[in-house]
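A.B. asks: Sequence:
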Amino acid sequence: MTHIHLFWKRASISLLLAALLPVGAHAQGGVVKRPVVTPPTPASRLRVCEVGSVRLTVDSRNQPRFLQHGQDFPDNRLRVIQSYDRIGHLTGISVNWSGFVGPIVNARAALNSKGKVVSETGYRSPDFKDPLSKYIRAWPKGGCPA
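My numbering numbers the first residue of the sequence shown as 397 and each following residue consecutively.
Any given hint could turn out to be false.
Here are the simulated distance ranges between beta carbons [as the list claims (entries may be wrong)]: (1) V497 x C445: 27 to 37 Å; (2) P527 x G498: 32 to 42 Å; (3) D471 x K537: 30 to 40 Å; (4) S456 x G495: 35 to 45 Å; (5) R441 x P527: 12 to 22 Å; (6) Y519 x A542: 33 to 43 Å; (7) S521 x R451: 36 to 46 Å; (8) Y519 x D468: 26 to 36 Å.
Below are the SDA-like pairs computed for lysine to any residue, each with C-alpha atoms no more than 20 Å apart in a straight line [unchecked claim]: (9) K512 x D526; (10) K537 x A506; (11) K530 x T517; (12) K525 x A506; (13) K530 x A506; (14) K512 x V497; (15) K512 x L486.
To be clear, the hints were calculated from the coordinates, so they are not data collected in a lab.
Beta carbons: idealized from backbone N, C-alpha and C, even for Gly.
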């Protein structure tokens with residue numbers, strides 16, 4: 397191979413590598429900095445228990461994270477999941493209800509700090525007029541027994 401061929405081969409490899417680097421990386425010596433990922437904190441460990449007809453999920457500080465309730469009949473299934481933030485405030489509700497005619501509602505609502513619905517996404521059948529907040533249940537006193 398001649399010197400000209402080697403020059404063009406090395407130049408094309410250099411151009412290819414430069415094209416693959418993010419913008420500005422060549423100015424930093426070709427080093428791409430990766431974001432630092434922190435491991436989850438021990439507070440993120442969850443525990444599940446059942447109190448009456450509801451299933452509760454709490455974190456390691458016994459703060460509420462999820463409350464699930466519903467009903468199961470052969471032709472009618474309702475599932476409600478309430479979600480809570482790290483300090484135990486209700487932040488959302490998900491309602492999934494289907495009957496023998498098909499889906500009735502499959503929607504999620506976000507709540508503000510006062511518990512009012514601020515946004516909703518998902519499917520509602522034309523006949524389903526109830527607000528999703530109708531399906532919110534209070535967190536049971538005592539939460540998950542230790």
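A.B. asks: So, for every hint listed, does it hold in this structure?
C.D. replies: Hint-by-hint comparison with the structure:
1. Between V497 and C445 the CB atoms are about 35 Å apart, so this pair conforms to the stated range of 27 to 37 Å.
2. For P527 and G498, the Cβ-Cβ distance of about 21 Å falls outside the hinted range of 32 to 42 Å, so the restraint is violated.
3. At about 34 Å, the CB distance of D471 to K537 agrees with the hint of 30 to 40 Å.
4. Checked against the hint of 35 to 45 Å, the C-beta distance between S456 and G495 comes to roughly 39 Å, which is consistent with it.
5. Taken as a hint, the range 12 to 22 Å is violated for the pair R441 and P527, whose Cβ atoms sit roughly 34 Å apart.
6. Distance hint check: the CB atoms of Y519 and A542 are about 39 Å apart, consistent with the given range 33 to 43 Å.
7. One distance hint, 36 to 46 Å for the beta-carbon pair S521 and R451, is violated here, with the actual separation near 26 Å.
8. Look at Y519 against D468: about 20 Å separates their beta carbons, and that is not inside 26 to 36 Å.
9. For the suggested pair K512 and D526, the alpha carbons sit about 14 Å apart, so the restraint of at most 20 Å is met.
10. Straight-line distance between C-alpha atoms of K537 and A506 comes to about 24 Å, which puts the hinted pair past the 20 Å bound.
11. With a C-alpha separation of about 16 Å, the suggested pairing of K530 with T517 holds against the 20 Å cut-off.
12. Restraint check for K525 and A506: the C-alpha separation of about 18 Å stays at or below 20 Å, so the hint holds.
13. Proposed proximity of K530 and A506 is supported: the alpha carbons are some 14 Å apart, at most 20 Å.
14. For the hint linking K512 to V497, the alpha-carbon distance of about 31 Å lies beyond 20 Å, and the restraint is violated.
15. Simply put, K512 and L486 have alpha-carbon atoms about 10 Å apart, close enough for the 20 Å limit, and the pair holds.
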